[in-house]
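Build out the structure end to end from the sequences listed, making use of the hints.
Chains as they are written, first to last, in full-length UniProt numbering: chain D, 1 to 254; chain U, 1 to 254.
The hints are simulated quantities; they were obtained by calculation from the structure and are not laboratory data. Treat the hints with caution; some may be incorrect.
[As the list claims (entries may be wrong)] With a straight-line Cα cutoff of 16 Å, these simulated EDC-like cross-link-like pairs (lysine to aspartate or glutamate) come out:
no. : chain 1 : residue 1 : chain 2 : residue 2
1   : U       : Lys193    : D       : Glu185
2   : D       : Lys193    : U       : Glu185
3   : D       : Lys196    : U       : Asp114
4   : D       : Lys186    : U       : Glu185
5   : D       : Lys196    : U       : Glu185
6   : U       : Lys186    : U       : Glu201
[As the list claims (entries may be wrong)] Per the computed footprint, the stretches of chain U lying under chain D, defined by three or more beta-carbons under 8 Å from a beta-carbon of chain D, are:
no. : region
7   : 116-123
8   : 126-137
9   : 162-170
10  : 176-186
11  : 213-221
[As the list claims (entries may be wrong)] Covered stretches of chain D, as calculated for chain U (at least 3 residues, CB under 8 Å):
no. : region
12  : 71-85
13  : 119-127
In this text, all values refer to a predicted model and were calculated from it rather than measured experimentally. Even glycine gets a Cβ: it sits at the ideal position worked out from N, Cα and C.
Protein chains: 2
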Amino acid sequence: MASPSSDEVSASTLQLPWFVAGSQALGIGCVVLVGIWMGHYRGGFSWNRDELEFNVHPLCMILGMVFLYGDAIMVYRIFRQESKKCIKIVHAVIHLGALLITIIGFVAVFHFHDAKNIPNLYSLHSWLGLTTVVMFGLQWIIGFLIFLYPGGLAALRAWYLPLHTFFGLAIFTLAIASSLTGMTEKLLFSLNKSYKDMPVEAMLANSLGLLLVAFSVVVGYIVTRPEWKRPSQAEEEALSMHFHRITRGDDEDD
Amino acid sequence: MASPSSDEVSASTLQLPWFVAGSQALGIGCVVLVGIWMGHYRGGFSWNRDELEFNVHPLCMILGMVFLYGDAIMVYRIFRQESKKCIKIVHAVIHLGALLITIIGFVAVFHFHDAKNIPNLYSLHSWLGLTTVVMFGLQWIIGFLIFLYPGGLAALRAWYLPLHTFFGLAIFTLAIASSLTGMTEKLLFSLNKSYKDMPVEAMLANSLGLLLVAFSVVVGYIVTRPEWKRPSQAEEEALSMHFHRITRGDDEDD
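As C-alpha cells, then:
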C-alpha cells in the first residue's frame, strides 16, 4: 500500500481522539464488568489463600494484561507532540505497571490452587496464560535493553523495532484469548449446569467477553492504521531542526 | 516506518518460502491433531444427530475458519508473480470453501444440541463463534461486491482495501480465540475432573491450542511484514508495461 498523503493524514488525525475515547470507554467497561462479576456475583476479594483470593486473578489480568497493556501500546499514537524519548519512558512505565499487576494476579491463582490442592498449569487456559506472561516479560526486558538502556546500537534498534511492534500486538491478542478461555473455565466451574439457563451473571460475563474483543479490535486498529503512525525519527529530527531554526529567527539558508 | 528499500525486499523475500512452509506444517498439524482428538479419543464422526455428529464441529471449524482461512489470506504473498485478478479469484474461492465448511460445522453443533435438548447460543464460546462467522460472511459478501463484481469504483476499492485487510486479520484472530474457548468447553465437558490428571487426551488438546496460536502468529507475520507486501497496482502496471515492451522488442522510446 502506498504511504498516505499529508492531506489524508491530517483529515484522519481528526478522527483519532474519537477512537481513543472509544477505546477508553471499552477498556474501563471491561475493568468495571470484571469487578462487578468477581466483587458482586463471586463474593468479593481477599488475600487469605481462599476462594475470594481467586477473584483477584481475573481482576488483575484484565486490569494489567488487557487495559494497561492496551493503553501502553497506544501512547505513541495518543501523544503525538511529545518527544519520542519521553513517550518511550511512558510506554515502558505503563508496561511495567501492567507486568507487576499481572504478577500479583498470577500469585493469587497459585495461592488459591495450593490452598485447595488443585494442580497448577494443567489446563489450556494456564498454558496460554503462562506463554503470554513469559513472552510479555521477555519482550519488556529485551525492549528495555535495546531501546532505553544507554548505548544501544541504532542498527540493532532499527532491526528490532518491527519485531517488537509485531510481537507487542501478538502478545496483547494472546492475552485477550487467554482471558476468554479463563472466563469459559470460571463460568463452567462456578455456574456449572445453570450456565445454560442464562442467569444474569452469565449474560454479564458473556458481555464482558464481547467487550474484551471490541477493546482489542479498536486498540489494534489505532496502532496499525498507517495514517496514525508517528512521523519517522528522520522526519521528526528534520521538523525539530526546522522549529529550532524558526525560534532562533535564522534564515532558511544558514 | 519508512518503506523498505529494494535490497531489503529481495533479501527478505528469500526467507518467505521458509515461513510459508512453516505455516503449512503448523496448519496441517492443527487439522491432524483435531482429527486425532475427535476421531480417536472422542469416538469418531457421524451425521446422525448424536454425540459423534458433534465431533464434526471442531474438525470443520479448524479446517475451515483456521487452516483454509489462514491460507486464503496468504495467497497474495505466496503467488507474487501471478496477476492480481487471478489471485483475487483464488482468494475468494478458498474463502468460499472455508465458509461452506464452517457452515457444515455450525449445522453439526445445532443438530447435536437439538438432539440432546441442549439450548443453543448460551455460552461465551457460542457468542464469539457466531460473531466470527457473521463477520466472515459479511466480509466475504462486501469483498465480492467491491473487488470482484464488475463495475466497482476504483475510489471505493482504495477506501475499502485497508478496512478489508484489517478486518480480515481481526476475524482470523477471533476464529482462533473462539476455537480456544470451544476447546476449553469440550475438555471440561468430556474429561471433567480427570482433566487435572493430565491424561494423553488433555496433553494433545492443550498442544493443539498452542499450535493454533503458533499458526496464527506465523500467518499474521507473513501477511503484515512490509517487505513481503506485493508491489502496488501502479508499480505492477509499470512492470507489466515494461515487460510487454521488452517482449515486443520495441525501443524504450516508443
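Here's how the hints hold up against the structure:
| no. | hint | result |
| --- | --- | --- |
| 1 | Lys193(U) <-> Glu185(D) | 13 Å, holds |
| 2 | Lys193(D) <-> Glu185(U) | 13 Å, holds |
| 3 | Lys196(D) <-> Asp114(U) | 14 Å, holds |
| 4 | Lys186(D) <-> Glu185(U) | 11 Å, holds |
| 5 | Lys196(D) <-> Glu185(U) | 13 Å, holds |
| 6 | Lys186(U) <-> Glu201(U) | 11 Å, holds |
| 7 | 116-123 | holds (count 4) |
| 8 | 126-137 | holds (count 3) |
| 9 | 162-170 | holds (count 3) |
| 10 | 176-186 | holds (count 7) |
| 11 | 213-221 | holds (count 4) |
| 12 | 71-85 | violated (count 0) |
| 13 | 119-127 | holds (count 6) |
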